[in-house]
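Participant: Residues per chain are reported as follows:
Number of protein chains: 2
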Amino acid sequence: MKTLRDIGECEAIRRLAGKLFPAVAEVVGIGDDAAVMHDEGFNADLVLTSDPVIEGTHFTIDAPPKGIGNKAVGRVLSDIAAMGAEPLWLLINIVAPPEMPFDKLQQIYAGASALALKFGVAIIGGDVASGATLALHVFGVGKLPRGTAVCRGGASEGDILYVTGELGGSIRKKHLFFEPRVAEGIWLRENRWATAMIDLSDGLATDLRHLVEMSRAGAELEPDALPVSRAAREMNDGMSPLDHALTDGEDFELLFTVAPGNADSFEQAWRAEFELSCARIGRITGRTGSIVCRTERGGMLLTGKRGYEHYSGRGSRA
Amino acid sequence: MKTLRDIGECEAIRRLAGKLFPAVAEVVGIGDDAAVMHDEGFNADLVLTSDPVIEGTHFTIDAPPKGIGNKAVGRVLSDIAAMGAEPLWLLINIVAPPEMPFDKLQQIYAGASALALKFGVAIIGGDVASGATLALHVFGVGKLPRGTAVCRGGASEGDILYVTGELGGSIRKKHLFFEPRVAEGIWLRENRWATAMIDLSDGLATDLRHLVEMSRAGAELEPDALPVSRAAREMNDGMSPLDHALTDGEDFELLFTVAPGNADSFEQAWRAEFELSCARIGRITGRTGSIVCRTERGGMLLTGKRGYEHYSGRGSRA
Numbered sequence: 001m002k003t004l005r006d007i008g009e010c011e012a013i014r015r016l017a018g019k020l021f022p023a024v025a026e027v028v029g030i031g032d033d034a035a036v037m038h039d040e041g042f043n044a045d046l047v048l049t050s051d052p053v054i055e056g057t058h059f060t061i062d063a064p065p066k067g068i069g070n071k072a073v074g075r076v077l078s079d080i081a082a083m084g085a086e087p088l089w090l091l092i093n094i095v096a097p098p099e100m101p102f103d104k105l106q107q108i109y110a111g112a113s114a115l116a117l118k119f120g121v122a123i124i125g126g127d128v129a130s131g132a133t134l135a136l137h138v139f140g141v142g143k144l145p146r147g148t149a150v151c152r153g154g155a156s157e158g159d160i161l162y163v164t165g166e167l168g169g170s171i172r173k174k175h176l177f178f179e180p181r182v183a184e185g186i187w188l189r190e191n192r193w194a195t196a197m198i199d200l201s202d203g204l205a206t207d208l209r210h211l212v213e214m215s216r217a218g219a220e221l222e223p224d225a226l227p228v229s230r231a232a233r234e235m236n237d238g239m240s241p242l243d244h245a246l247t248d249g250e251d252f253e254l255l256f257t258v259a260p261g262n263a264d265s266f267e268q269a270w271r272a273e274f275e276l277s278c279a280r281i282g283r284i285t286g287r288t289g290s291i292v293c294r295t296e297r298g299g300m301l302l303t304g305k306r307g308y309e310h311y312s313g314r315g316s317r318a
Numbered sequence: 001m002k003t004l005r006d007i008g009e010c011e012a013i014r015r016l017a018g019k020l021f022p023a024v025a026e027v028v029g030i031g032d033d034a035a036v037m038h039d040e041g042f043n044a045d046l047v048l049t050s051d052p053v054i055e056g057t058h059f060t061i062d063a064p065p066k067g068i069g070n071k072a073v074g075r076v077l078s079d080i081a082a083m084g085a086e087p088l089w090l091l092i093n094i095v096a097p098p099e100m101p102f103d104k105l106q107q108i109y110a111g112a113s114a115l116a117l118k119f120g121v122a123i124i125g126g127d128v129a130s131g132a133t134l135a136l137h138v139f140g141v142g143k144l145p146r147g148t149a150v151c152r153g154g155a156s157e158g159d160i161l162y163v164t165g166e167l168g169g170s171i172r173k174k175h176l177f178f179e180p181r182v183a184e185g186i187w188l189r190e191n192r193w194a195t196a197m198i199d200l201s202d203g204l205a206t207d208l209r210h211l212v213e214m215s216r217a218g219a220e221l222e223p224d225a226l227p228v229s230r231a232a233r234e235m236n237d238g239m240s241p242l243d244h245a246l247t248d249g250e251d252f253e254l255l256f257t258v259a260p261g262n263a264d265s266f267e268q269a270w271r272a273e274f275e276l277s278c279a280r281i282g283r284i285t286g287r288t289g290s291i292v293c294r295t296e297r298g299g300m301l302l303t304g305k306r307g308y309e310h311y312s313g314r315g316s317r318a
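In the order they appear, the protein sequences are chains R and Z.
Taken in order, the first sequence gives residues 1 to 318; the numbers are from this note's numbering.
Taken in order, the second sequence gives residues 1 to 318; the numbers are from this note's numbering.
Everything labelled a hint here was simulated from the structure, so no lab data went into it.
Worth double-checking, as some hints may not be accurate.
Remember, identical chains collapse to one label, so a pair may be satisfied in a single copy or spanning two.
[Said to hold, decoys possible] Only pairs whose alpha carbons sit at most 25 Å apart, straight line, appear in this in silico DSS-like list of lysine-lysine: (1) Lys2 to Lys66; (2) Lys104 to Lys66; (3) Lys173 to Lys118; (4) Lys173 to Lys2.
Please read these numbers as outputs of a predicted model, since none were measured by experiment.
So here's chain R without its partners, still in its complex pose (with noise of 0.2 Å):
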């Protein structure tokens, strides 16, 4: 009899989901950051999210409990960003082991509280269990003008490729006490600079692949031009800097794509308006499905159909 190990948790949402969800045709989110969601009670659209943040899964047992709480909250904080909506309103359930200092759980409420409040976000319900796993489920609501939300499926072939922000090595500190791009986010849609845009949270090499593989095209990096964590730099463990930038988890930042005509006045109004780097760091092509890496020695590194999963070139190139 197979088990949740063997089919994996991606594998087994999608089986899932493909009994619960046939009939929502109205939904855009299934696949994305988000699902968003009309009625005919509201005149924007909605966007909801939920995350787990799970202790031995998402943080250590000896994490900060700020960091935690930051986390549970940012994770959704960036899924709606990831849309270009803007958040509302946020539900935390926390479950913790009935022996845990009381303490401990009013400084996870406090990080969580904090990165909330920077955004306006209201906490406004959730619930308190007693469990065997400290674990903190956020459920998080967004709103976005109707039709406008920014997905995954909408890149086309010759659009430019950007990230926010720095990559790899987020395992040191930023995968806890990250910031979600939430004004990036809404500024990217309001301003209809974005085509596709995604949050990385599985890594470059992956996320890149659920951008592409939801707008039927494919893509080419430009290694050089990765913006490379200075955390990355510092790992040591024998994985390239630039390795760690396009495989490692949890850096936060928001993927996106421009229209290649729009590329030169986007980066003068990003400039403009934030002070937090963007890097172009490829375009989209038309080989649906075929990620290449431009490596700087001229070869050509492609990742596997299934991104960093059979990710071909890890250690090779150092």
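Put chain Z on the given structure of chain R with help from the hints.
Facilitator: Using the frame of chain R, we list chain Z on its own:
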């Protein structure tokens, strides 16, 4: 150092919420079954709630998987119903041990999906994660015409108390396989019958306490009028069927109040609309915080200030 166990889950929510929610003036539903939110982007009010269902707390390890799914979705739909709202969408996060057979997961989802489908509610997102203890966290979104939510705090002196269905002994089966009173909740709000409403999750004595405290009132119960379930009569555990009906949790029926002048026409309209029974079980008084229970032998029974927790009559009236 105080632990979560020392403080208790309810008090933990209160303390954490006090720090989180102070700035959120637009929340109707703090301390209610669900949060009622308004935003300029929406003409209707949104009703938002989240409930965990955890193995060992909300169901036993040998619970039928479809019942687990039914309960997880049912709890959220019952909360939405208790505001008189129309449920629209659900997101489900599931945490499962990696060694769990995938078939069991599918059955849990089948139970969740069947109940959602019954009420025309779409499951639009969620996540699957590995963890030691099986748990479902369900997030629900409903809607209401603006300003029409039926809250716990709306009852006035003289209002008549009603409860749907039958009470007590839900542990035998109903707590897993109950049907949330969605149509009834909407009808009670649409026709403006209900002045206050709550769903019975903690037991009649405790949930009535919540309702009268939020309404700054008291109540008189007529125990002979309580609709004691067959399951409560068959418990055979030394506790009287009446005590089961008063104190057992997880009936997931609706407890609500109707203005005294409307009571007769309400009862007639109910019978014309629903097959489900609806019992007149008492009335709201002006004695704030006092719940009086008239026994058949003319005696009086006062439940303590904190409801079931200090319930003084248990076992003394059989």
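Participant: Next step is simple, just say for each hint if it's right about the structure.
Facilitator: Status of each hint after checking the structure:
no.	hint	result
1	Lys2 to Lys66	between (38 Å within a copy, 19 Å between copies)
2	Lys104 to Lys66	within (9 Å within a copy, 35 Å between copies)
3	Lys173 to Lys118	within (20 Å within a copy, 46 Å between copies)
4	Lys173 to Lys2	neither (36 Å within a copy, 29 Å between copies)
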